[in-house]
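**Student:** Put the two chains together into one complex, using the hints given.
Residue numbers (our numbering), protein chains in the order written: chain A, 4 to 493; chain B, 38 to 264.
Hints are computed from structural coordinates only; laboratory data are not their basis.
Note that this is a predicted model, so its numbers are computed, not measured.
Virtual Cβ for every residue (Gly too), placed ideally from N, Cα, C.
It is possible that some hints are incorrect.
[Claimed, not checked] In silico negatives: residues of chain A with every beta carbon more than 10 Å from chain B:
#1 Y266
#2 T311
#3 T404
[Claimed, not checked] Simulated restraints on C-beta separations:
#4 B:T100 - A:V401: 25 to 33 Å
#5 B:A93 - A:R51: 29 to 37 Å
#6 A:R317 - B:D59: 31 to 39 Å
#7 A:E425 - B:A58: 29 to 37 Å
#8 A:H295 - B:A58: 18 to 26 Å
#9 B:R189 - A:V401: 50 to 58 Å
#10 B:R249 - A:H295: 45 to 53 Å
#11 A:N20 - B:T100: 36 to 44 Å
#12 B:Q192 - A:R317: 47 to 55 Å
#13 A:L89 - B:V219: 52 to 60 Å
#14 B:A93 - A:G85: 30 to 38 Å
#15 A:A299 - B:A185: 30 to 38 Å
#16 A:A19 - B:P257: 25 to 33 Å
#17 B:P257 - A:A116: 26 to 34 Å
[To be verified] In silico contact screen, one side only, chain B against chain A (beta carbon under 10 Å); selected entries:
#18 R70
#19 R72
#20 A81
#21 A82
#22 E112
#23 V136
#24 G138
#25 F156
#26 L166
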Amino acid sequence: MNAVPSVSSSWKELLANPGPDGHIVQLYQDTDFYGEAISHFAAEGLVRGESVIITATGLNWTNISGHLMSKGFIPDELFGRGQLMLLDAPETLSKFMVGNTPDVKTFRDLALATIGKARAGGKFPRVRWWGEMVNVLYLSGNLNGSIRLEELFDGVGHEESIAIFCSFLMDKYDAEIYDRAFGDLCRTHSQVIPAEDNAMHTEVVDRAIGEVIGPIEGSLLKSLTSWLHGRTSGMPTSQSILLWVKHAVPTKFEEVLACARKYERETLLARAIAHEINQPLAAMVANAAACHRWLAANPPNLERARVTAERIIRDANAASEVVNRVRGLFKQSSPVRSPFGLNEVIAEVRQLMLDEVTGGSVTIETDLDPELPQVLADRVQVQQVLVNLVRNGIEAMVPTTGVPKLLSIRSRREGSQYVRIEVCDQGTGLRDPETAFKPFVTTKKHGMGMGLAICRSIIEAHEGRLWAAPNEGWGTTFSFTLPTNASALH
Amino acid sequence: MGNDLQLYATDQRERTALTSADHLVLIVDDDYRVREALQELLAAAGLCSVAFGSAAEYMANATPDVPACLILDIELPDINGLDLQRQIGSGSHLPIIFVTGHGDIPSSVRAIKAGALDFLTKPFSDQELLKLVHTALVQDRERRDRQAELDRLRQRLRSLTPREREVLPLVVSGLLNKQAAVHLGISEVTLQIHRANVMRKMHADSLADLVRMAGCLDIPVLQSRHA
Chain A
4 MNAVPSVSSS WKELLANPGP DGHIVQLYQD TDFYGEAISH FAAEGLVRGE
54 SVIITATGLN WTNISGHLMS KGFIPDELFG RGQLMLLDAP ETLSKFMVGN
104 TPDVKTFRDL ALATIGKARA GGKFPRVRWW GEMVNVLYLS GNLNGSIRLE
154 ELFDGVGHEE SIAIFCSFLM DKYDAEIYDR AFGDLCRTHS QVIPAEDNAM
204 HTEVVDRAIG EVIGPIEGSL LKSLTSWLHG RTSGMPTSQS ILLWVKHAVP
254 TKFEEVLACA RKYERETLLA RAIAHEINQP LAAMVANAAA CHRWLAANPP
304 NLERARVTAE RIIRDANAAS EVVNRVRGLF KQSSPVRSPF GLNEVIAEVR
354 QLMLDEVTGG SVTIETDLDP ELPQVLADRV QVQQVLVNLV RNGIEAMVPT
404 TGVPKLLSIR SRREGSQYVR IEVCDQGTGL RDPETAFKPF VTTKKHGMGM
454 GLAICRSIIE AHEGRLWAAP NEGWGTTFSF TLPTNASALH
Chain B
38 MGNDLQLYAT DQRERTALTS ADHLVLIVDD DYRVREALQE LLAAAGLCSV
88 AFGSAAEYMA NATPDVPACL ILDIELPDIN GLDLQRQIGS GSHLPIIFVT
138 GHGDIPSSVR AIKAGALDFL TKPFSDQELL KLVHTALVQD RERRDRQAEL
188 DRLRQRLRSL TPREREVLPL VVSGLLNKQA AVHLGISEVT LQIHRANVMR
238 KMHADSLADL VRMAGCLDIP VLQSRHA
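Here chain B stands alone, though its shape is the one from the complex (with noise of 0.2 Å):
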């Protein structure tokens, strides 16, 4: 991240907390002190925080590989906040809480709450800011870590040979040895030492488990390739 952030840590112990954080709260807001208010509170509530004063300082920074969310003021000088959130939604998938200066919401910004966690209207009390917040990092940490099996398991698919990744689509389809064994024209006994080999790299503990499997990794059921 560039070195012009403001991160909040009055002390060097706050500091070390800080790069070793496992969440980080970003806040894009055009008014200093609504920046500097919003990570004072963060900070009492524990919470690791980085603010930018413009949607052009936000998208410049790498957004961070720990669990995210995203405090965005909706009338930012250089972009509006749906323009922000449509870029950022192409690259990732950080839940948003979106805030409004003024009470009445305009028509074309409740479009946004499709994609938004919500909407909060200054001022906002702390408990519903908090919770929010709360919210929106426990569902950034579970779509990660959904991501990060995802990508272990597309890991030990790319391990499989050719041959193995026939077979797994007719094992997880409910074939029997036999019939799969037919369908590939190969000997059952063939069939079956690929078998064991695909449980083997895929660390599947059960057929069961294989199907899971399947089904995070899309892989089609009920035919082969070549049916």
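Bound conformation, chain A alone (with noise of 0.2 Å):
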């Protein structure tokens, strides 16, 4: 175990040749690049004659083939070959794990006996393994069990010789992970590859760090770590740069924290926006030049062209339409907030979304707490949110068949500050529920695409938080909370 892990200038390099007995941990927040690494880490293993453990969860396992066969390895044949091993994360982890502490012996028995079956009897010397135990545990909370399975990781990866490769979803506005979480994963690996440093997060960051800490020790700062970054090579990432400032800067780290995520929410917002106006715009100067070689034609097409002219009219109104909902969401610098109640807003939008699904199959439900507290909101916009996500959820129940089309709004008390409602569909469903709130994001042949991410935006400046999950069986469920009138005035 290395007490200060180096930081790799290229990780595909150092997953490529991690040592015999190299402990690398990545910290990862966009499934894409998650996948290219794991990927990477095996392919490189496979070309070189090594045998490679894979221990994922069933939908990770479905990236990492994808990404594998991407490259050309075909995953049933290196099965039969006896090169790759598959291990179902969470069925191993129930193996060894005695209530929240991973059992020594029984993880060391099971660890030695996987390492010596990919080792086919001498046939493959050198094993590499990927595994996700760790992120399963710390995903459920669980860091100490986490750490602790780390440690007895790097102790059998010592003694065996095997190089092991661990992988870590990070929220990079997540104070507590440069608290606790960094430090330990530090602690326990050799080498660290940051979470994918994307340009955004290094410019809300940099913004940020100049607004709160000052433009002049802003600037020092950031004169200090672009030295950092020529002498380190790799390093520092936006987020290293926000782990320097946690500990030298303490008392404004939280601040530059949440900074950083304004700017970051409102940097996606405005793309949301170009993009919902760039696609009907598209479309116009598309069918515009359409139009006008129609009529250019000989002799004149005019049946198409007016057809086309007739698009332009209607993506035009599309356009405006953006531009006005935008205008509305941006008229008030920040949001008018008044006390209401939940449960009237939801079923003045229960009734409105009825008197649109004229003669449809769908029935809307409400379950409604009859002593919700109020909140202290912009009405308007709540409304906007709600009337958003129960229509995506009539929309999203419009290709199912054989299952009741039912819609169900619910509110709750969330705690004593806070009250969360939640719209249940019946739909086709969501595979990766978060990146619907991406914006450009949407299954909706004629969707808004930036419908969830502006719902986000207003639930988060209300303090509140918007959120999706698979239902168990069909659908999704979409959840917010807003602060109660009371906990407000505190």
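**Tutor:** As structure tokens, then:
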């Protein structure tokens, strides 16, 4: 175990040659980067004639095997040859976890047996292992168990001289990871691959430091970090800058983080809006060019010209609608907050949407807490959010057959300070609910695309949260929280 | 191809033209307005197109057996353009024109540039798009011609007897008949007969022609396999 992990200048190179007992950790936030890194680690091992062990959840294995196949590897063949071994992460975990802690002996026996099997009687002397059991524990909130398992893995890795690679999902804006997880992970690994340092994160962290710590110290800090950047090949990323702030200017840390998050939200929103306007604009430009060509043809094709002109009018109206909505969103620099009851808004939205789905087979049921405390929020904006979620839910159920098209809206208290609203559909469901909040993402044929990104931005501006989770069985539940009027007054 | 394709054809005459078309532009974009407008523009420019609303829909259909190119939106709901390119890349060599709905191109996307013909940012000009489409179709036509030529040559190569296949590399390496005959341990007359058969079966007009074909077929020169 190394006290000070080094940071590789090139993660590709590091993962290709991890060394005989390298223990590498990747922090990721983007599933693309994650899949790419793991398949690279596996592929490089395979071409070197090493045996590769993968401990994954079913969902992630789909992601990884897709990446492997695109690199020209056929997992089934490799399984047959004994050069690739796949273990189910939750199932393997259940074999050696006792409560929240891994049982040392059971784990060691299992790990040594697995490595022995991978070596296939000396056919593959070198073994590399990627696993997400630690990440599964970490994501379930069991940080201690996860770190303990890392330590055990580290021991087995050294003993057996195998390379180990782990991946951890990190929210770059979560203050806690800069406190505990980050340090613990550095301690239990020999190398760290920092989460993808996208240009946006660097930019918003820079701006946040400039604003919170001040222009002079801020620019001093920036020059210091750029100096570090030159000296430590690959470091620091925007996250390590934040880590540095955490230790050097702890009093300002939370504020920097919050400020950076706010800037990122704004940037994403601006992009989402640009995207929404660009879509109809692109269609209009292409239709106008087509119309021009139909008219210039000899003889002119007036029928096609008329159709394209009509589409231009339709798309121009759509673009103007986007502009109106955006204007509505930014009309007040801060939302106009007043106390109101959410149950009332839910009833209004339900009526509104029932009118919209005339003749449809959709049922909207409500399950409201009669004692629901009032919230302090911008009523119009919250209503827009609710309309959006309900409309999404209804549209998600359009293609389903054989399942009742039932949408339910629930209101509940969430602790003493929040209320929670859930919109639950029986629709086609989302493969990865979190991506639905990314701007540009829509599964709808006639989608607005920015709907959920804006909804989240509205709810977060009210100090609430908005998220989605798949239902057991069919469909998705979108939930949001808002602070109660009473808690907001304190 | 599947029946659910939105083949752009407004009347029977155009539909007939489409099925016998000598080219096809494939479009993958999740926004129906953009698909519709792109197809209209291509039709007005005399180009045939097929549009798909998702990567899955695209992947479920066979690539047409005519010179083609792909206009691909990089922000698809079910897969990102990079992954789709990777998947397509393993099966075909279709030239791809990427389009993106937002101005700043993320760095991950720049990586695609290597394999893509070009990027267009929505909204794009019709001249720009049509120029790229023409370039792509020409590129694909040339690639297909080269491929067809190679297939023909391979076919001819397969018609050679094992002995003739031994003679071919020696001849194209510039060995004299006498040297080649010694090399194979046969008489010069026999070698000349084999050589004439090789020239005939490969449809080679001259030795230079045969050397060019050998180059296309990656036949090693300078020494025989037994050397």
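**Student:** Which numbered conditions among the earlier hints are violated in the structure presented, ordered from lowest to highest?
**Tutor:** Of the numbered hints given earlier, those the structure breaks are 2, 7, 17 and 25, listed in rising order.
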